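Asks: Single-letter residue listing:
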Amino acid sequence: MDALGSSEEAHLRARAKGRPAARKRRRAEALLALLYLFPATLVLLTFHLLPIFYAFFISLHQWDIIPEGFVGFGNYLELARDERFWRSLVTTVWYALLTVPLSLFLGLVVAWLLFQKLRAKGLYRTLYFLPYVTSVVAAAFVWGWIFNDNYGFANLVLTKLHLPALRWLLEPTGVFDLAFRGLGVKLPAWAGGPSLALVAVVVLSVWSSIGFNMILFLAGLGSIPKELLEAARLDGASERAVFRHVTWPLLSPTTFFLLIVSTIRTFQAFSQIYAMTGGADGPPLGTTQTITLYLYWNLNSQTRLGYGSAVAFALFAIILALTAVQFRLGKERVVFQ
Amino acid sequence: MTEELRSGGEAGRGPLATVGTHAALALGALVMAFPFYWMVTTGLKGPAEALSFPPTLIPKAPTLSNFRQVWQEQPFGRYLLNSGFVSTAVTLGVLVTSSLAAHAFARMRFWGRELLFGAFLATMMIPFEVVLIPDFLIIRQLGWFDSYLALIVPWTASVFGIFLLRQTFLGIPDELFEASQLDGCGHGRFLFRVALPLVTPALVTVALVTFLGSWNSLLWPLVVTHRQELMVVQVGLVSYLGEEGSQYQLVMAAATVSILPIVVLFLAAQRHFVEGIARTGLKS
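If you read the protein sequences in the order shown, they are chains D and P.
Position 288, counted from 1, in the first sequence is what my numbering calls 306; the numbers after and before it change by one each time, with no gaps.
Position 69, counted from 1, in the second sequence is what my numbering calls 70; the numbers after and before it change by one each time, with no gaps.
These aren't lab readings, by the way, just hints derived from the structure by calculation.
Since we're looking at a predicted model, the values are computed, not measured.
Treat the hints loosely; a few may be bogus.
[Unchecked claim] Just some of the chain P residues that point at chain D, by a computed CB distance under 10 Å: (1) Leu17; (2) Pro36; (3) Gly47; (4) Ala51; (5) Ile59; (6) Gln73; (7) Arg110; (8) Leu116; (9) Ile134; (10) Trp216; (11) Thr226; (12) Gln229; (13) Leu231; (14) Ala279.
Virtual Cβ for every residue (Gly too), placed ideally from N, Cα, C.
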């Protein structure tokens, strides 16, 4: 009796004492967390989070090398009237419209073929994936060489097919314009389409991103329960029907993820376009100048930091809006298992 | 990756379909591999042969003189060392800072945890171009312009790394953590002795993605370095093109030199690469 009483008492005492002790322990844990988070937070705050606000501050100023005065939304108003900016936006949209669907489609086709029972899968996978790990700068030079207007391989192929050689990366004319001109029709300027030079850049971009899409599609295909596919086949569904009604819907989370990531990537693309066509006033008369290249041109050649920041925020707003729209549309179409 | 390689192909496909599949894949693979072939063979041609039309598909008199000339004209060895040093430092930095932060997010309770994590995730949405100008000004203010610090420090933390490792840490059973606490193991010991060895594949993923991203980056090094001794290989390549733009046999030799280390690394660690990239799309 006595023993029990004292142990109970001790227990109660411990609990009474436990509360401040627990609080102390919790505070110690919070302090420790602070310590663990410190290195990452310091770097992220300094170079990635706070600079966003700094960028907005800069964009409200006339700021050429040094700050020269507050202009409010003046830079943004100028941007709205800046023909060059709008042209770069149209170029960016063309670049994304061509690159994203093509690289997703080809990535899916390759993944689907590789998903069949097949020999030498590893070799194929290596070859398709290699461009993705290759630096886009080196790849841009190689493709630039292939598309060389005098000695390039692309023109060798054209001449072998008895077609006229093209100027590729030096060609500012729109591809629709070129095609119709061949037929003897002159298109109005607005219907010319993306320049041939931009299309050549798209070829490089698709080439280098197929591997990434393929790997993710392969992973997505692998996560579809085999029983579902077999059940559909047992019900007499054709291979095409199985793909359309089972594989494609169940693959939609992967497709959706890739669509979002690829769109953001193409809107942010810089290296391949810069390395392949030389940027701002490059040979194809600036027809490959996307928003990011226009931004770099403002920063580097014009040293207009305030205006350049306004361009950057415009790009951010566009990406944000696009992602939001894609999420909206995706909600209805993506099937989660 | 057996999971990923598992084939979904129907059992009774005819040999004709298999031949068709092989033909399609081989044709595609040819297109994918051709630029590599064209790069190396152009690098092996003499100047007269390289700039002739129609081009020869196989070099008539292969020579290594272009590679020798590139190596002598430009400090490509230095560029490669710079890239290797910067990418390795960035990768190590990311692994350390991400592991620590991810552990805090996954296993510690503190005020504002969700808020901070949300703020980190939000930065993933921001195009780097937005902070390019302020970052450039900050680097100048710190006196780091034209230094290794400028190339390395801003990239030593990665939201992607924190996110991926946090998700993986959350997959480790709480019982394991509690048991190690009873054994007198603190947070640090648990993280380094128990948790990290358990999530090696995720660490490899983070390391590869970070290393590749760092090795292949151009815009940031272009903006914060000017001295030749500090040039990374991508910047060196761009500047070499500016000088020798029309000497394609030299440019191709330089391009070959610049991608060789990454290609060798890829072929050596191929399985990790493929698994690692496949994992970037997963939610947990």
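Asks: Each of the hints needs a verdict: does it hold here or not?
Replies: Hints, one by one, checked against the model:
Of the supplied interface hints, the one on Leu17 of chain P is violated, with its beta-carbon coming no nearer than about 13 Å to a beta-carbon of chain D, more than 10 Å. The beta carbon of Pro36 of chain P comes within 5 Å of a beta carbon in chain D, closer than 10 Å, and the hint placing it at the interface holds. For the restraint placing Gly47 of chain P at the interface with chain D, the shortest Cβ-Cβ distance is roughly 14 Å, beyond the 10 Å limit, so the hint is violated. The closest approach between the C-beta of Ala51 of chain P and any C-beta of chain D is roughly 8 Å, which is under the 10 Å cut-off, so the hint is satisfied.
Interface hint status for Ile59 of chain P: violated, as the beta-carbon distance to the closest one in chain D is roughly 13 Å, over 10 Å. Of the supplied interface hints, the one on Gln73 of chain P is violated, with its beta-carbon coming no nearer than about 20 Å to a beta-carbon of chain D, more than 10 Å. Checking Arg110 of chain P against chain D by beta carbon gives a least distance of about 6 Å; that is within 10 Å, so the hint holds. Taking 10 Å as the C-beta cut-off, the interface hint given for Leu116 of chain P is violated, the closest approach to chain D being about 12 Å.
Hint status for Ile134 of chain P: holds, given a least beta-carbon distance of 5 Å to chain D, under 10 Å. The beta carbon of Trp216 of chain P is positioned within 10 Å of a beta carbon in chain D (closest approach about 7 Å), and the interface hint is therefore held. The interface hint given for Thr226 of chain P is broken, as the beta carbon of that residue sits about 14 Å from the closest beta carbon of chain D, more than 10 Å. Taken as an interface hint, Gln229 of chain P does not check out: its beta carbon lies about 17 Å from the nearest beta carbon of chain D, beyond 10 Å.
For Leu231 of chain P, the interface hint is violated, since its Cβ never comes within 10 Å of a Cβ in chain D; the closest pair sits about 17 Å apart. At about 4 Å, the closest approach between the beta carbon of Ala279 of chain P and any beta carbon in chain D falls short of 10 Å, and the interface hint on this residue holds.
Violation of the numbered hints given earlier is confined to hints 1, 3, 5, 6, 8, 11, 12, 13; the remaining hints are satisfied by the structure.
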